[in-house]
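The listed protein sequences derive, respectively, from chains A and B. The opening residue of the first sequence carries number 1 in the working numbering; numbering runs sequentially from there. The opening residue of the second sequence carries number 1001 in the working numbering; numbering runs sequentially from there.
The hints are simulated quantities; they were obtained by calculation from the structure and are not laboratory data. All of these numbers come straight from a predicted model, not from anything done at the bench. Be a bit skeptical, because a hint or two may be false.
Unchecked claim - Calculated lysine-lysine pairs in the DSSO-like style (CA-CA distance at most 30 Å, straight line):
hint	chain 1	residue 1	chain 2	residue 2
1	A	Lys54	B	Lys1071
2	A	Lys38	B	Lys1014
3	A	Lys38	A	Lys54
4	A	Lys71	B	Lys1057
5	B	Lys1009	A	Lys5
6	A	Lys38	B	Lys1083
7	A	Lys5	B	Lys1083
8	B	Lys1009	A	Lys68
9	A	Lys68	A	Lys37
10	B	Lys1009	A	Lys37
11	A	Lys68	B	Lys1083
12	B	Lys1009	A	Lys38
13	A	Lys71	B	Lys1070
14	A	Lys5	A	Lys68
15	A	Lys5	A	Lys71
16	B	Lys1014	B	Lys1083
17	A	Lys38	B	Lys1071
18	A	Lys5	B	Lys1057
Unchecked claim - In silico contact screen, one side only, chain A against chain B (beta carbon under 7 Å); selected entries:
hint	residue
19	Asn7
20	Pro40
21	Glu42
22	Gly43
23	Phe46
24	Arg102
25	Gln103
26	Leu104
27	Phe106
28	Gly107
29	Gln111
Stated by the list, open to error - Here are a few chain B residues that sit away from chain A, every Cβ distance over 10 Å (derived from the structure):
hint	residue
30	Lys1009
31	Thr1020
32	Asn1026
33	Val1052
34	Asn1053
35	Gly1063
36	Ser1067
37	Lys1070
38	Ser1080
39	Ala1081
40	Lys1083
Yeah, the Cβ is synthetic: ideal placement off N, Cα and C, and Gly gets one too.
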Amino acid sequence: DQQVKQNSPSLSVQEGRISILNCDYTNSMFDYFLWYKKYPAEGPTFLISISSIKDKNEDGRFTVFLNKSAKHLSLHIVPSQPGDSAVYFCAASEAWASGSARQLTFGSGTQLTVLP
Amino acid sequence: DGGITQSPKYLFRKEGQNVTLSCEQNLNHDAMYWYRQDPGQGLRLIYYSQIVNDFQKGDIAEGYSVSREKKESFPLTVTSAQKNPTAFYLCASSMGLAGSTDTQYFGPGTRLTVL
């Protein structure tokens, strides 16, 4: 039972255009959401995050939107660049009952290809 | 130059052998984690540790063991009991902040292949 779903395994976008990557979740206890970028045979790199008390967070070319009622978040990249080509994972977390460490639940990833 | 290091990057072992993957961080983070990634899938949590000398099982702990004797180090042993050990293993750490905004940062990963 996947609690975090990325339904598009791949996305192709022209350079300079907007890339929109989507993520849906089912667990209403999730209160913190993150996007990571990953190249093959490397560790994921943290991109941007959003707390459930917000509906938008922006950092340069990257904006994350959260729609709690729909249990949906999206990552917008504007403008897209060829160097953005990578696998993008969304992840969600909830506070555990004890302690402060948090488990991240990951989606299966979306391969973004930005065409020059 | 702060970060998380994992060694080696590629590791080959024969079936039935135990193997230990290294993870070191100099970020002064309290919490450390081990994940596994299989092709076409997201990352799945194996073990995590909130403080030294404490660790907890994640979703897929069977066939793995860990130790946390030092804050900086969180080695993972893949035992012969792990049925499908070939995978990409990722170590992560976080400050371990109470509250909602604790971000995990990842090392470069170790690709383990069991022959």
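Cross-check of the supplied hints:
1. A:Lys54 with B:Lys1071: violated (33 Å)
2. A:Lys38 with B:Lys1014: Holds, at roughly 29 Å.
3. A:Lys38 with A:Lys54: holds (25 Å)
4. A:Lys71 with B:Lys1057: Status holds; Cα separation ~28 Å.
5. B:Lys1009 with A:Lys5: holds (29 Å)
6. A:Lys38 with B:Lys1083: holds (26 Å)
7. A:Lys5 with B:Lys1083: Holds, at about 26 Å.
8. B:Lys1009 with A:Lys68: With Cα atoms ~39 Å apart, B:Lys1009 and A:Lys68 exceed 30 Å; violated.
9. A:Lys68 with A:Lys37: This hinted pair holds, its Cα atoms lying about 23 Å apart.
10. B:Lys1009 with A:Lys37: holds (19 Å)
11. A:Lys68 with B:Lys1083: Distance of about 38 Å is beyond 30 Å: violated.
12. B:Lys1009 with A:Lys38: Roughly 16 Å between the alpha carbons, so the hint for B:Lys1009 and A:Lys38 holds.
13. A:Lys71 with B:Lys1070: violated (39 Å)
14. A:Lys5 with A:Lys68: Holds: A:Lys5 and A:Lys68 sit about 15 Å apart, inside 30 Å.
15. A:Lys5 with A:Lys71: Since the Cα atoms of A:Lys5 and A:Lys71 sit roughly 11 Å apart, the hinted pair holds (cutoff 30 Å).
16. B:Lys1014 with B:Lys1083: Roughly 13 Å between the alpha carbons, so the hint for B:Lys1014 and B:Lys1083 holds.
17. A:Lys38 with B:Lys1071: holds (26 Å)
18. A:Lys5 with B:Lys1057: holds (23 Å)
19. Asn7: This interface hint is violated because 13 Å lies over the 7 Å limit.
20. Pro40: violated (9 Å)
21. Glu42: holds (6 Å)
22. Gly43: Holds. Min distance 4 Å.
23. Phe46: holds (6 Å)
24. Arg102: holds (5 Å)
25. Gln103: For A:Gln103, the interface hint holds, since the closest Cβ of chain B sits about 6 Å away, which is under 7 Å.
26. Leu104: holds (6 Å)
27. Phe106: Since chain B brings a Cβ to about 3 Å from A:Phe106, closer than 7 Å, the hint holds.
28. Gly107: Result: holds, 5 Å to nearest chain B Cβ.
29. Gln111: Cβ of A:Gln111 sits 10 Å from chain B, so the hint is violated.
30. Lys1009: Since the minimum Cβ distance to chain A is about 8 Å, B:Lys1009 lies within 10 Å and the statement is violated.
31. Thr1020: The claim holds: B:Thr1020 sits with its nearest Cβ about 19 Å from chain A, beyond 10 Å.
32. Asn1026: holds (16 Å)
33. Val1052: holds (13 Å)
34. Asn1053: Consistent with the label, B:Asn1053 stays out of reach of chain A, its closest Cβ about 14 Å off (over 10 Å).
35. Gly1063: holds (19 Å)
36. Ser1067: The claim stands: B:Ser1067 keeps its Cβ more than 10 Å from every Cβ of chain A (closest is about 16 Å).
37. Lys1070: Since the minimum Cβ distance to chain A is about 17 Å, B:Lys1070 lies beyond 10 Å and the statement holds.
38. Ser1080: holds (25 Å)
39. Ala1081: holds (23 Å)
40. Lys1083: Fine: 21 Å to the nearest Cβ keeps B:Lys1083 off the interface.
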